[in-house]
Amino acid sequence: MSDARPTDRRPVILVVEDEPDERYLAAELLEEKGFEVIEAETAERALDILRQRGDGIDVVFSDVRTPGTIGGFELARIIGVTWPRIRLLLTSGDAGDQPSDLRVTATFMPKPWRAPEILTWLEEAAGLREPPAEG
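Under the numbering used here, the first residue of the sequence shown is numbered 439, with each subsequent residue one higher.
It is possible that some hints are incorrect.
[Unchecked claim] Computed Cβ-Cβ distance ranges for the label pairs, DEER-style:
(1) ASP459 with GLY506: 18 to 28 Å
(2) ARG447 with THR507: 18 to 28 Å
(3) GLY531 with GLU466: 14 to 24 Å
These are calculated hints, taken from the structure and not from any lab test. Note that the structure is a prediction, hence the values are computed from the model and not measured. We put the beta carbon where it would ideally sit given N, CA and C, even for glycine.
Could you put together the complete structure from these sequences and hints?
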């Protein structure tokens, strides 16, 4: 049995970013590429959305530093335990935030990220593109 996604459903990405301009740009870019995008300005809001729609979300793309009581690393830990099938992409512009801080399976890309890199990763994570062959 294949894990391939039905072709009649657009992949859903939850974008978690407190900076409105960055969140808007990411959402616009992803919507242009055929994703359904849900936006959240904090990790707490993202958790509320996941509790309501977690079964329908394919990928979470989150900044590490968001306002509130939890940040991106803690959000990733919660998702890894509660919704383990959801793929995670974390990003940060703070040099102090390092991938070694991750204690769950997630991918880390430093800011400023480049759109082609993000799109490639998200398309692979959402099952729209085959990952490159290892070799």
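Here is what the structure says about each hint:
1. ASP459 with GLY506: 18 to 28 Å: holds, 19 Å
2. ARG447 with THR507: 18 to 28 Å: Check failed, 33 Å falls outside 18 to 28 Å.
3. GLY531 with GLU466: 14 to 24 Å: holds, 19 Å
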